[in-house]
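Participant: In case you want the letters, here they are:
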Amino acid sequence: MEMKRKKPVLAVPLGDAAGIGPEIVAKTAAAGFLEKHARPVIVGDERVLRLGMTIAGKIFPFRSADSLEEAAAGEGLALWNTGSLDAATLELGTVSPVNGKEEGDNLAACIDGCRRGLLDGICFAPLNKAALKLGGYGFPSEHEMFAHLYGITEGFGEMNVLEGLWNIRVTSHIPLKDVARNITVESVLDTVRLGYKTLRRAGCEAPRMAMAALNPHGGESGTCGREEIDVLLPAIGAAEKEGFSVEGPFPSDTLFIRAFEGKYDGVVTMYHDQGQIAIKLRGFHHCVTVSAGLPHPITTPAHGTAYDIAGKGICTTSAFEDAYALAARMALGDITER
Amino acid sequence: MTRPVIGITIGDPSGVGPEISLKALRNEEVLSSCIPVLYGDEAVLRRAAPIVGCTKEIVPIGGPEEAKEGRISVVSPGVLTGPYEFAKVQGQCGRAAFAYIERAISDAMAGKIAAVVTGPLNKEALHAGGINYSGHTEIFADLTGTKDYAMLLMGGGVRVIHVSTHVALREACDRATKERVLTVIRLADKAVKALGVPEPRIAVAGLNPHSGESGLFGHEEIEEIIPAIEAARGEGMNVTGPVPPDTVFVKTLRGESDIVVAMYHDQGHIPLKITDFMGGVNVTVGLPIIRTSVDHGTAYGKAGKGTADESSMVSAVRAAVQFARNR
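Line order of the protein sequences matches chains A and B. By numbering that gives the first Met the number 0, the letter at position 121 of the first sequence is numbered 120, and the numbering carries on one by one without gaps. By numbering that gives the first Met the number 0, the letter at position 299 of the second sequence is numbered 298, and the numbering carries on one by one without gaps.
In silico EDC-like cross-links for lysine to aspartate or glutamate, where the CA-CA straight-line distance does not exceed 16 Å:
no., chain 1, residue 1, chain 2, residue 2
1, A, 6, A, 74
2, A, 240, A, 189
3, B, 177, B, 147
4, A, 196, A, 153
5, A, 262, A, 246
6, A, 5, A, 333
7, A, 176, B, 170
8, A, 100, A, 85
9, A, 311, A, 90
10, A, 176, B, 222
11, B, 250, A, 307
12, A, 57, A, 45
13, A, 35, A, 74
14, A, 132, B, 212
15, A, 176, B, 173
Everything labelled a hint here was simulated from the structure, so no lab data went into it.
Let's have the full structure, built from the sequences with the hints guiding it.
Facilitator: Put into structure tokens, the structure is as follows:
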């Protein structure tokens, strides 16, 4: 019997090279954070990583390998040098199709590595959606891109984590006026299922979830919106029948206060900003995004490429560290289960 | 400096309004910054006083000009004189609460008080009492003949004014028109100036996630909000936006703007409750008189127990005094 559990192997793609990704990874690696929680394989061009080290003012040893097999096999901090981008041609803080293709290709290679059993999960530095699109990865968000690469067509989505509170939403990047018609008993129930499953996987054994109302004051008994009565209450009833613990629907302006106090493990929101406003205000520097519903844990800091400060070495690493530690914890759970 | 006379309506007698009104009147800041006058039935206040340990003399007065320091001056319409229950929807309580507001508005319109601070109402009690308004804001707009007004919330370093409030989310999207957004930007500018900021920096939130990402998900930014912002700039106002809804409040907390224009109720209320759950103030902007309010309801669960927190009432009085001084 193995007494000491094996550390998971996590890929750390540098993300969009024109953003703060390379410097964040350099800072985090230099602090020893990556090796503490998992066996890290940084993924990207060695020249880009070295540029990140220069910007961050951090020097540290790493093992550079030309293949994922080689990088993932050994001990210590490893780089899978993809040779995919010459840092000398890089213009920091600008959207570029070349960078977009490179960051997309590297992510795709990591997912391939997960599928081949070489990697246990991924924590990637921020991507740039506009660059990805120009580089041939035209997806509404990275979550659709990952699902596509896995060949998954449903039951996936974005979750956000802050201070141990998980948020999942029924709708995401759609016009606000289309939200109401996309709130159905089925879509709400699917969201609850995905949230529940993901929370369990992250080590929460009996998730307590709360559901936000769609309308102000929870619709006030139908006087300002009927979705609570017609859709959300039946959905909660159905979820309870499946054995889930879901309370609500609660007016969304006060729900997050109770949730952050620890009354719930997860909050189901109806639209993008309902949860995002609360979470970003509460802890902008610790928000983590999880791609839920995929075979492997994939996480990233919730912030973006921060082009305005790229190259200055002043970026904070806290959200990235939280994202990495969470991916490690989820991957460890997966390994233990196997 | 002479202290302004501030009228405080005690709200629905069945809720915590009378208790927090009396509690606020022992706050040093309140007593030193204004001359408070309560609008409520004497019998209701006499019942609430021992509950909150208020030992000051309660004196009914004929009008706010008779208010004096060192005692509780009450304009008592004498509507509710018989028994009533705590924590229960009662038509007579709704009618009484309405009468207090009516009298305070009339005194404010006549210039007898500098501002009205309102305690919490119960909408169902209003309706049970045959008063068919959906809330304070509508009562104030109607009784003062105001067409263009908006709800401003202040607290915890955030000021946020709303393009729409108590409507279904689906309908809120239709209300975000160029005309209305421009009106609310103008009201925002006026309100912040009234608080003593000479050149308000106004941040306008988008309606859609990421402000629609150039029309990728939602066109209201392009068709309504941006034209409104440009028109406001044309009028000389300092306006930025549309700013993505999930970062506009982070930025305003960093000091990048003086007020945020939110497109719908929860877009403004979610951040406000997070930054200031207890002490938020609600202001109706656009009225010919000053009106501020507590930012919570009747809290039936605490009514009659003396445990309700008065900090939102104190903040509402503070804001009323501030607006009155800059008028």
